[in-house]
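Engineer: Assemble the whole structure, with the sequences as input and the hints as a guide.
Number of protein chains: 2
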Amino acid sequence: MELSNSPERAWLSWTFKGLPGRGEAVALDEIGAQSWNVLDQDVMLPVAVIYNSAIEHNRRWMTAFTTAASVRLCPHGKTTMSPQLLEMQIADGAWGITAATVAHVRTYRRFGIDRIILANQLIGKQNIAYIFDELSCNLGLDFYCLVDSIAAIELLETAATHLQFGGRLQVLLELGIAGGRTGLRQDDVALQLAERIAKSPLLLLRGIEAFEGIVQETACDENTVRGLLERCARLAEACAAAGFFAGVPILSAGGSGFFDLACSIMSRAAISPNFDVVLRSGCYLVHDSRLYQELSRRLAARSPDMMPPGPGLKPALELWACVHSMPEPGRAIVSIGKRDTSFDAGLPRPIKWCRSRPDGPKALVGHEVVRLDDQHAYLDIPAESPLVVGDLVGFGISHPCTTFDRWPALYLVDDGLTVTGAVQTFF
Amino acid sequence: MELSNSPERAWLSWTFKGLPGRGEAVALDEIGAQSWNVLDQDVMLPVAVIYNSAIEHNRRWMTAFTTAASVRLCPHGKTTMSPQLLEMQIADGAWGITAATVAHVRTYRRFGIDRIILANQLIGKQNIAYIFDELSCNLGLDFYCLVDSIAAIELLETAATHLQFGGRLQVLLELGIAGGRTGLRQDDVALQLAERIAKSPLLLLRGIEAFEGIVQETACDENTVRGLLERCARLAEACAAAGFFAGVPILSAGGSGFFDLACSIMSRAAISPNFDVVLRSGCYLVHDSRLYQELSRRLAARSPDMMPPGPGLKPALELWACVHSMPEPGRAIVSIGKRDTSFDAGLPRPIKWCRSRPDGPKALVGHEVVRLDDQHAYLDIPAESPLVVGDLVGFGISHPCTTFDRWPALYLVDDGLTVTGAVQTFF
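If you're matching them up, the sequences are chains A and B in order. Take any residue in the first sequence, count from 1 to its spot, add 2: that is its number in the working numbering. Take any residue in the second sequence, count from 1 to its spot, add 2: that is its number in the working numbering.
Bear in mind the hints are in silico, worked out from the structure with no lab data behind them. Predicted model only: the values in this text are computed from it and were never measured. For every residue, glycine included, the Cβ atom is placed at its ideal position computed from N, Cα and C. Worth double-checking, as some hints may not be accurate.
From chain A, some residues computed to sit far from chain B (all C-beta separations above 10 Å) [said to hold, decoys possible]: (1) Gln36; (2) Val45; (3) Ala93; (4) Ile125; (5) Glu159; (6) Gly169; (7) Gly185; (8) Arg292; (9) Pro306; (10) Pro410.
Quick look at which bits of chain B chain A covers, simulated, 3 or more residues with Cβ under 8 Å [to be verified]: (11) 384-392; (12) 396-408.
Structural biologist: Quick look at the structure:
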């Protein structure tokens, strides 16, 4: 698959808060030629930056991992919603791109992506109508969505009749866990639903799916995850034996914390002659400095034999902002807030500071964000903090998805924080 | 002040997730002519909607309040960052618009807004350069920012020399509270800083300011707020007596929870011959169904004599989404998540449901959001819940600021949820 970007040239303008000056439009492909440096404050702060070196490393890492594991990668694009970053993943051989919503699918189609898993039920009049329309008009589109109830199947069939959709809809049957999100809890019910799908004139049962990533907040994560993935494998075996699948069956899972287990457990399914394991991990590309760093550490400890040689995934995303005020001992107020950073899986971490570019960024230890307002961070700082008003602080983040959606664009930087380009996002 | 919008026609396209169909661009001024109805699912769900009737009511309410209190309103535009909504506030007689960041100021300038309070310190090379540039090029621009430290003043003066800025910068001295955000904690230090500002060749001391809205999470809010506002009044009196002010002094405060106290306390300052009280409340226009509803209830109870006749502020913003799955008893999964709704001041509240437009929306009781993922809400539902897969659920939200920034556009609707137009946002 090749990404055929829109022929129009992309521009950044005043609608991007990080652009310096009066906000006159700059072509995306000329951003690098500006020679802006973040430490020189050539850009309007706060900004979000992505280190080229970390992205390149993470790309090589994941390619090595999936190659060794003999699995396909259909990375979740919802993390970044960025055509430039999705293009990198496709250049690395991604089998397709995963979407969370039909609006994402529509956006991907604008980017020219032609194999998409909607890792969600297809529900809602306009959502269904758009997908049927897109499938009717683009016979090369390879689209999959999830199903987890007879009610959803009936809504789809009714809509297909009403809209006179003559095509077939490829679906993955979704398994879930008690207390979890979507997905069938009972395997016998799931098998009945698989049969129902196999008999539907509209649907094609293409595989079995789960999202094990919802399990990441409890102590006994791993066994719950293993159990769910094993259930997927057993259900796929039963469906294969019963002849319910159309085509080569797909077994798919993979948030960004347990994709080792998704590979090892799903790959052992006893389905002949063959089947595909499709990972949907999306956060690997940018990684983070907290949630996924910890999940990744556990993953490496759990599955050392599966790890590519060398270092693991690296955090590629940082936020840089100014110290605005040091209004009382032990406190600095810095110019990033809920509008700039994720805070749903841990607050951002102040890890670097800089007063002037020649001095370079230095490690910042003992500083902690304790509260965020819409546009301000409250930092607890030690008595010996080097910070003064006007200094720059660099933050690592936790959970890239909810940081990306706060930025219409992010700068690409080299290790010295010189801007080499930018990526856009479309949320 | 009149808002001179960009002469280009505004369009909604595939970059707006709520647009139906393939995302072909529709002119903003033709959205109403489409006769879309949310309950008929003519738009792609989820969507954010604003009730015209509630907005109109809130506009009248705030106009009545500020007129009776004889205060000026400079509403915080960061809540919505929407030119169409800011235009309403300016049409209602807003004295200016408040910004949280220099990027907001730049955006407002694109909207044609010519009186702006940056309710923040002006820090950072590009931020300062932009403001100096804009002031130099637009002599009609009436711009104010905050100061709370000698360090910030020195950064501004150094930048002015370096950039050869020959103008004057109007500043408000900021007071704060111990354990709070920005702003001076000590009144004697503040008075010294006022004198320093008065003597600066760059700065003009135009007033005294505080943001009392950071105090809303503790039990003894009200006394803390009163104390801060009284300190502002006393400091302004001292600065006036010392001749530190340039022009008619401004006393400014006012988040959206205590603007009654800001009016009553600041208006009693003993400054002759005259001074202006400038409220910066922004959330009144859209209001909400949780945080500000409660703050507003307390405000009305505290200051009954200041309330305009009739009902108080009404929640204007709702989110509508589909039930995607009912995977186990007591649980519904609905298609809104952290990408669609605020969750920093309470989770959204499922308050309405609808199966088909002729039946109309009905009240939904006993349902509660207990978890949000990026694109999913987990609802605890009672055994007698009317919901089935495919039904629509309407949510009230808590904290409009962090809901607006998740939507490039929001639909304007009549009370029957027919779309009459849309407003854009620029975050």
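Engineer: Which hints, by number, does the structure contradict?
Structural biologist: The structure conflicts with hints 2, 4, 7, 10, although it agrees with all the remaining ones.
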